[in-house]
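Enquirer: Respectively, the protein sequence lines represent chains A and B.
In terms of the working numbering, the first sequence opens at residue 49 and continues consecutively.
In terms of the working numbering, the second sequence opens at residue 161 and continues consecutively.
Be a bit skeptical, because a hint or two may be false.
Quick look at which bits of chain B chain A covers, simulated, 3 or more residues with Cβ under 8 Å [stated by the list, open to error]:
no., region
1, 280-286
2, 316-330
3, 345-355
4, 368-378
5, 405-412
6, 464-475
7, 539-550
Honestly, the hints are just simulated from the structure, not real lab data.
Note that CB positions come from ideal geometry on N, CA and C, so glycine has one too.
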Amino acid sequence: MLLTTYIIIIITGCSLFFIGRNKIVSISKAEDKRPHSLYIYYGFFPAILGIAPSLVLLSLWIGFDDVIFNQMLKNRFPNNLIIDGNQTVLILIAKIQNIASGIIVGKPEQWVISLAEKLIVWRGYSNIMIAISSILLSVTLGYFSLTKIKIEFRARIAVEKLMMIGLVVCSLIAIITTIGIVFSVIFESLRFFRLIPPLEFLTGLTWNPEFEGAARAGSDQAGLSSYGSIPLFVGTFLISIIALSVSVPVGLLSAIYLSEYASKKVRGIFKPMLEVLAGVPTVVYGFFAALTIAPFFRQTGSLIGLDVASESALAAGFVMGIMIIPFVSSLSDDVISAVPQSLRDAALGLGSTKSESIKKVVLPAALPGIVASIILAVSRAVGETMIVVMAAGLAANLSINPLDAVTTVTAQIVTILVGDQEFESAKTLSAFALALTLIVITLILNFFALQIVKKYKEQYE
Amino acid sequence: MAQTRTEKIVIDSLKARGKKERNFRLFGVSAIALAVIFLAILLVSIVSKGAPGFFQYYAIFEVELTRERLDPRGDMSDQSLFEGQAKKIINEAVLEFTGAKNRSEKKAARSLLSNGSDVRLVEFVKNNTDKLDTMQKIKFALDDDADSYFRGFIKKETPEKQRRLSDIEISYLDKMKKEGLISYEVSDYLFFGSASRNAEMAGIKGAFIGSMFTLAICFIISFPIGVATAVYLEEFAPKNKFTELIEININNLAAVPSVVFGILGLAIFINLFGMPRSIPLVGGMVLALMTLPTIIISSRAAIRAVPPSIRDGALGIGASPMQATFHHVVPLAIPGMLTGTIIGMAQALGETAPLLMIGMVAFIVDIPGSVTDPGTVLPVQIFMWADFAERMFIQKTSAAIIILLLFLMIMNGGAVWLRRKLERRW
Numbered sequence: 049m050l051l052t053t054y055i056i057i058i059i060t061g062c063s064l065f066f067i068g069r070n071k072i073v074s075i076s077k078a079e080d081k082r083p084h085s086l087y088i089y090y091g092f093f094p095a096i097l098g099i100a101p102s103l104v105l106l107s108l109w110i111g112f113d114d115v116i117f118n119q120m121l122k123n124r125f126p127n128n129l130i131i132d133g134n135q136t137v138l139i140l141i142a143k144i145q146n147i148a149s150g151i152i153v154g155k156p157e158q159w160v161i162s163l164a165e166k167l168i169v170w171r172g173y174s175n176i177m178i179a180i181s182s183i184l185l186s187v188t189l190g191y192f193s194l195t196k197i198k199i200e201f202r203a204r205i206a207v208e209k210l211m212m213i214g215l216v217v218c219s220l221i222a223i224i225t226t227i228g229i230v231f232s233v234i235f236e237s238l239r240f241f242r243l244i245p246p247l248e249f250l251t252g253l254t255w256n257p258e259f260e261g262a263a264r265a266g267s268d269q270a271g272l273s274s275y276g277s278i279p280l281f282v283g284t285f286l287i288s289i290i291a292l293s294v295s296v297p298v299g300l301l302s303a304i305y306l307s308e309y310a311s312k313k314v315r316g317i318f319k320p321m322l323e324v325l326a327g328v329p330t331v332v333y334g335f336f337a338a339l340t341i342a343p344f345f346r347q348t349g350s351l352i353g354l355d356v357a358s359e360s361a362l363a364a365g366f367v368m369g370i371m372i373i374p375f376v377s378s379l380s381d382d383v384i385s386a387v388p389q390s391l392r393d394a395a396l397g398l399g400s401t402k403s404e405s406i407k408k409v410v411l412p413a414a415l416p417g418i419v420a421s422i423i424l425a426v427s428r429a430v431g432e433t434m435i436v437v438m439a440a441g442l443a444a445n446l447s448i449n450p451l452d453a454v455t456t457v458t459a460q461i462v463t464i465l466v467g468d469q470e471f472e473s474a475k476t477l478s479a480f481a482l483a484l485t486l487i488v489i490t491l492i493l494n495f496f497a498l499q500i501v502k503k504y505k506e507q508y509e
Numbered sequence: 161m162a163q164t165r166t167e168k169i170v171i172d173s174l175k176a177r178g179k180k181e182r183n184f185r186l187f188g189v190s191a192i193a194l195a196v197i198f199l200a201i202l203l204v205s206i207v208s209k210g211a212p213g214f215f216q217y218y219a220i221f222e223v224e225l226t227r228e229r230l231d232p233r234g235d236m237s238d239q240s241l242f243e244g245q246a247k248k249i250i251n252e253a254v255l256e257f258t259g260a261k262n263r264s265e266k267k268a269a270r271s272l273l274s275n276g277s278d279v280r281l282v283e284f285v286k287n288n289t290d291k292l293d294t295m296q297k298i299k300f301a302l303d304d305d306a307d308s309y310f311r312g313f314i315k316k317e318t319p320e321k322q323r324r325l326s327d328i329e330i331s332y333l334d335k336m337k338k339e340g341l342i343s344y345e346v347s348d349y350l351f352f353g354s355a356s357r358n359a360e361m362a363g364i365k366g367a368f369i370g371s372m373f374t375l376a377i378c379f380i381i382s383f384p385i386g387v388a389t390a391v392y393l394e395e396f397a398p399k400n401k402f403t404e405l406i407e408i409n410i411n412n413l414a415a416v417p418s419v420v421f422g423i424l425g426l427a428i429f430i431n432l433f434g435m436p437r438s439i440p441l442v443g444g445m446v447l448a449l450m451t452l453p454t455i456i457i458s459s460r461a462a463i464r465a466v467p468p469s470i471r472d473g474a475l476g477i478g479a480s481p482m483q484a485t486f487h488h489v490v491p492l493a494i495p496g497m498l499t500g501t502i503i504g505m506a507q508a509l510g511e512t513a514p515l516l517m518i519g520m521v522a523f524i525v526d527i528p529g530s531v532t533d534p535g536t537v538l539p540v541q542i543f544m545w546a547d548f549a550e551r552m553f554i555q556k557t558s559a560a561i562i563i564l565l566l567f568l569m570i571m572n573g574g575a576v577w578l579r580r581k582l583e584r585r586w
């Protein structure tokens, strides 16, 4: 149904193009005058007007129809219905939708079935309505634009205006996405903070959302779930530190060597090689960490008498460090290369060795940029997910021992939100609060890095 | 002639300074060597684990394809074949070969072949109707434990209680090997199988097709929007607060961790718009938002690289700004834009975390037929397999990783090739 509507609109648009073009051709022949614009623009004008608005309408409808239906269903729930933990509104709606799509599990109540039948009817109506109205919109706009076609009509100007609108709308998507992220996260976080005080979330020392279900089931352990995020942040911090202590020395030294010492040929070979490290998917690193590096550390640890957890922060951090090497090295490389040659020449001219000129002149000059690259690496490490999910484990230990198992903010977000979840529970909402803190941290880091780079740029220009 | 004091100090210090210089150089070389060694270890460990994953052990058995037993209704319909006794026929062949007598022996004999053997037999019958009522030699996959025995992961020497195969099972397997029934071949399940809890039957076809659908949606959304945004910002946007806001937003989006995009997808697309979970359409939309900054930034760079003389020339002979942009600047910038887009797509292909949030981890056996069918993608499949304990899954996971890396290499190589061949230097 909807697919046919799409096709009909496209066909309408195409025919509008030819009708418009033919019209101006015949008009200009009849009046023996040249129109304001090229013929083709008189075809594009009705075609764009015929297609674009109705496609937008159609797509919006498809996106929003379920929102409206869910509200309508909610209004028709029986008055005596008990909404509790096991039977939330969302679950009931999902049940009705499933029945409407023909998936029936168990024996649903009579009112559920009747609502499902209603939903089927609504869907049918809505599809017919949207099909008719979007085709109608397409035809009316097309007809209207065809009537405007005259010899003096400035079709090119009109088409260009429409194109400009399209360009502006496209560039608004970036803003809309940001707003979407911020709103969805803030909105749910506020709901979370209504259940759990922010102070407890930010300063609590135990993270244990697992008792949520037990509390509802009336178990003795009710109320034991706790949402203190300190262990998660300590874990994130610990793993990031380990990652940085691998990636910063290796990345920085390779950047220095590649930009200062290496011949063009060597540089051409090794720079792309380092960048391969950034192109490997994180899930592959996670697999590598869990299956190769973690057992290796464990065995080495037991050889020298250390007890290394099988999901240690060390393994995850180490592998993450490998992943981040190219982020440090390529940005540092750019910054070091941007240091003016005159500074190097001056240092060498005074009789310093190459390494002295690098250590005493080039690096201090490039320092702000190097710091920026390290900050960006930190933000990358904080936001990295798959490696920690697969290799660092989920135990929320408050520990700064790299041999222990720790967990991170991102790993918790993933574990909480994977699979089916109820949107009402504090456990689910806590993931949004974690995401909010994560966004704030990475944006602050990014902001500082960009500020530093900007300041540094002005020095030599 | 005696050295002056100054000369002595300088000559002495020169040695130390020369040593420092060499050391510093050595540090640089060893840093690069370390990074390259890390890369080599990563690749070698994946390839050495994954290469055997492309193969598996099969056993060839001769079975009698009796028409009445396989196709009781006689119409060759799926339902009829499903009701048939394919499993029983295979078991009879195995029991006859092994000569199992009592219950435990029979059970052991039946457990040697993969659970999917009857499906394989039915497929064979469907494709070879003319072979009905004859004896046919058919290749069946071995169960993953039996497979592990031939690979040497399960050893005869281990006490019976501590291994996953009993003595009887091992003796049957040895007998099969002796009679030449066992063959080690390229695993067709890996390429044409779908998600399965049985390691020997698991394959990547479903995840691969899911990945393609997701990438297609991602491309359809992000390429036009990204290019349009880049064109607007580079060519038409006035320098004011509003365009500055757009630029800040693009930079911020590039910095946001990928999990957060998954949360956006979950909260907006699934909860607010009520779209179904696990479908490539939603996955593609989420990845599109994620790859947008990459595409925008590289497209802007490509547009900026087109010399102003081209634009000025077009404007000078009377083109409108829009015509100058779309007829002259954009076509010249397209190779650069495509390069950036391919790199963005490669990132999207390898991305896992945001797709976990929107439910693409569901265990789905059916291969998706459209963008609105539930499915999964390659990296998520890898993530799921990595969790399974069976030895064979490790090999299959590594094999899937090799396939994923190959695709990424092709895409990135394509981007480099495009840049070399098509991008013009001015």
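Enquirer: Just pull the numbers of the violated hints for me, sorted ascending.
Expert: Numbers 1, 2, 3, 4, 6, in rising order.
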